[in-house]
Amino acid sequence: MDASFVAMEQPNAPMHIGSVLIYDPSTAPGGFVRFKDILRFYSERMQLSKTMRQKLVKVPLNVDYPYWIEDADFDLEYHVRHIALPKPGDWRQLCIQAARIFARPLDLKRPPWEFTVVEGLDNVPGIPKGSYAVVTKVHHAAIDGMSGIDLINALHTASPSLAPPNQPDTWTPDKPPKRLGLFAKGYVRAWINPVRQIGVAGRSVPGLYRAAKGMVKGEFDVKSAIRTPKTRFNRKVSPHRVFGGVEFPLAEVKAMRVLADGAKVNDVMLSIIGGGLHKYLSAHGELPEASLTAMAPISVRAEDEKGAMGNQVAAMVAPLGSHIADPVERMAYVFAETSRSKAMTNALGARQMTEVSKSSPALFMALGAQLYTRLGLANRVKPVVNTVVTNVPGPPVPIYSAGAKMVSMHGMLCLVDGVGLGHVVQSYVDQATIGFIACREMMPDPEFYDQCLKEAFEEMAKAAGLRPAPAKKPATTRKTSTTRRKTAAKPKGTTSTARRKPAAKKAVPAK
Numbered sequence: 302m303d304a305s306f307v308a309m310e311q312p313n314a315p316m317h318i319g320s321v322l323i324y325d326p327s328t329a330p331g332g333f334v335r336f337k338d339i340l341r342f343y344s345e346r347m348q349l350s351k352t353m354r355q356k357l358v359k360v361p362l363n364v365d366y367p368y369w370i371e372d373a374d375f376d377l378e379y380h381v382r383h384i385a386l387p388k389p390g391d392w393r394q395l396c397i398q399a400a401r402i403f404a405r406p407l408d409l410k411r412p413p414w415e416f417t418v419v420e421g422l423d424n425v426p427g428i429p430k431g432s433y434a435v436v437t438k439v440h441h442a443a444i445d446g447m448s449g450i451d452l453i454n455a456l457h458t459a460s461p462s463l464a465p466p467n468q469p470d471t472w473t474p475d476k477p478p479k480r481l482g483l484f485a486k487g488y489v490r491a492w493i494n495p496v497r498q499i500g501v502a503g504r505s506v507p508g509l510y511r512a513a514k515g516m517v518k519g520e521f522d523v524k525s526a527i528r529t530p531k532t533r534f535n536r537k538v539s540p541h542r543v544f545g546g547v548e549f550p551l552a553e554v555k556a557m558r559v560l561a562d563g564a565k566v567n568d569v570m571l572s573i574i575g576g577g578l579h580k581y582l583s584a585h586g587e588l589p590e591a592s593l594t595a596m597a598p599i600s601v602r603a604e605d606e607k608g609a610m611g612n613q614v615a616a617m618v619a620p621l622g623s624h625i626a627d628p629v630e631r632m633a634y635v636f637a638e639t640s641r642s643k644a645m646t647n648a649l650g651a652r653q654m655t656e657v658s659k660s661s662p663a664l665f666m667a668l669g670a671q672l673y674t675r676l677g678l679a680n681r682v683k684p685v686v687n688t689v690v691t692n693v694p695g696p697p698v699p700i701y702s703a704g705a706k707m708v709s710m711h712g713m714l715c716l717v718d719g720v721g722l723g724h725v726v727q728s729y730v731d732q733a734t735i736g737f738i739a740c741r742e743m744m745p746d747p748e749f750y751d752q753c754l755k756e757a758f759e760e761m762a763k764a765a766g767l768r769p770a771p772a773k774k775p776a777t778t779r780k781t782s783t784t785r786r787k788t789a790a791k792p793k794g795t796t797s798t799a800r801r802k803p804a805a806k807k808a809v810p811a812k
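As numbered in my numbering, residues 302 to 812 make up the sequence shown, in order.
Everything labelled a hint here was simulated from the structure, so no lab data went into it.
Every residue gets a Cβ at the ideal spot worked out from N, C-alpha and C, and that includes glycine.
Certain hints may be false.
Pairs of lysine-lysine, DSS-like flavour, derived with a Cα cap of 30 Å [to be verified]:
| id | residue 1 | residue 2 |
| --- | --- | --- |
| 1 | Lys-555 | Lys-388 |
| 2 | Lys-683 | Lys-763 |
| 3 | Lys-706 | Lys-430 |
| 4 | Lys-410 | Lys-537 |
| 5 | Lys-388 | Lys-359 |
| 6 | Lys-755 | Lys-388 |
| 7 | Lys-531 | Lys-755 |
| 8 | Lys-359 | Lys-476 |
| 9 | Lys-755 | Lys-643 |
| 10 | Lys-706 | Lys-388 |
| 11 | Lys-337 | Lys-479 |
| 12 | Lys-531 | Lys-476 |
| 13 | Lys-537 | Lys-755 |
| 14 | Lys-531 | Lys-359 |
| 15 | Lys-479 | Lys-359 |
| 16 | Lys-479 | Lys-643 |
| 17 | Lys-555 | Lys-565 |
| 18 | Lys-388 | Lys-337 |
| 19 | Lys-683 | Lys-643 |
| 20 | Lys-359 | Lys-430 |
| 21 | Lys-388 | Lys-531 |
| 22 | Lys-388 | Lys-565 |
| 23 | Lys-565 | Lys-643 |
| 24 | Lys-537 | Lys-359 |
| 25 | Lys-410 | Lys-486 |
| 26 | Lys-683 | Lys-537 |
| 27 | Lys-755 | Lys-706 |
| 28 | Lys-476 | Lys-555 |
| 29 | Lys-763 | Lys-565 |
| 30 | Lys-683 | Lys-430 |
| 31 | Lys-683 | Lys-555 |
| 32 | Lys-706 | Lys-337 |
| 33 | Lys-476 | Lys-486 |
| 34 | Lys-531 | Lys-337 |
Using C-beta positions, here's what the derived DEER-type ranges look like [claimed, not checked]:
| id | residue 1 | residue 2 | range |
| --- | --- | --- | --- |
| 35 | Asn-467 | Asp-408 | 30 to 36 Å |
| 36 | Asp-423 | Ser-344 | 48 to 54 Å |
| 37 | Leu-767 | Ser-460 | 29 to 35 Å |
Required output: the full structure, derived from the provided sequences and hints.
Next comes the structure, spelled out in structure tokens:
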């Protein structure tokens with residue numbers, strides 16, 4: 302899985318994930334945080350995460366997967382950058398800067414991560430004046446969503462205290478391996494891989510049998526995945542990105558589960574995204590009749606694998622109900638479809654799905670990814686999914702970095718040809734957020750999509766009884782005549798005013 306993200310790396314589609322973290326420095330000792338304070342805080346915690354000082358070494362001719370080694374030339378100040386927003390320092394400016402930072406590929410000859418401190422957040426609603434943000438970028442080969450949270454935890458504390466951690470730093474750099482030695486080792490592993498594939502295939506048989514049996518009995522429905530429509534987001538992506546994010550009260554999101562008996566928070570968030578896409582594509586006159594579908598990654602990381610590098614994820618296909626305008630009907634549809642998709646994934650074995658990728662030849666993976674991009678197949682073939690929605694639970698209590706309290710977090714995903722829109726659902730303390738990243742050419746109006754998501758949330762909140770019903774108009778006291786007036790005769794083919802349907806209003810994008 303890790304090697305596949307290295308193989309898929311393209312100039313127009315860098316394979317890193319990240320986040321936009323916002324901090325209030327008033328909680329730090331002295332009431333402020335300088336850039337050098339952040340550097341010192343990070344440097345004292347490098348030993349808490351394996352990701353920070355390791356880099357990739359590729360094997361000649363890609364005969365084997367890349368190896369991780371400890372970088373002897375590690376330089377913290379290269380990886381942590383510093384910029385400031387111009388006045389007025391608002392949310393839109395931050396989103397533009399975050400998108401530009403995120404669009405740039407990482408240097409894979411160094412440890413594959415960068416943090417950019419962005420000062421000057423003076424006019425962001427709900428954020429204290431003088432706050433700053435940290436835009437993070439970490440290559441997907443190094444972390445998945447859950448290990449990304451482990452990385453966040455390593456660089457934060459449970460209080461504003463600046464005391465260094467008790468764990469000693471015993472780090473020692475590695476000597477760069479010889480290319481001939483790497484090739485020889487990779488050549489041997491290339492012969493071993495077919496044996497591994499046989500073992501993986503054998504372990505996959507029970508899962509395939511369960512899945513086939515379930516489809517015969519009608520327990521699983523794969524039609525929704527087969528009917529995935531083509532949209533503006535399903536073609537070759539450009540190198541340019543847009544970013545946005547919305548924030549909702551977590552308690553209200555949880556309360557919306559009443560819209561479908563047995564539903565989870567993830568079903569609610571999928572329904573909100575489905576509603577947002579319904580509004581966005583309808584306004585552009587591009588709403589497909591079939592539901593858009595999302596790839597929803599599933600963590601299979603065991604408890605004893607926490608803190609380990611790399612990826613332990615499988616995936617399922619989740620229909621979003623974007624073709625349904627009514628929020629209650631959409632929620633019921635999403636819950637029913639995701640339940641079937643989860644059952645199919647469980648039958649196949651989520652962990653077993655990750656094992657298949659680990660035994661795939663590295664050379665074939667690299668060639669396949671490059672051919673898909675160079676031949677422009679994303680513009681020619683039908684998409685498997687329309688977007689990605691990943692759910693990563695964040696810390697349930699406030700956390701601090703260099704004494705500054707984190708007040709907000711929004712995630713970002715890597716995009717690939719054929720999938721030009723991605724969503725990260727996160728929770729932090731009492732808030733739930735949806736961060737989205739998109740190809741700029743596919744979504745030139747991210748502020749409008751932001752508004753569509755907010756409106757979809759409000760519709761679901763109203764349907765769940767979380768918003769007061771509109772006040773009833775008082776009964777009229779005007780007296781009416783005791784004798785009924787005759788209705789004027791109407792031309793043939795017309796109806797009375799009371800029964801006439803109102804003219805359809807043209808959709809106007811929200812501002």
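Review point. For which of the previously enumerated hints does the structure constitute a violation, in increasing order of number?
Key: 1, 2, 5, 11, 12, 14, 16, 20, 21, 22, 28, 30, 31, 34 and 36
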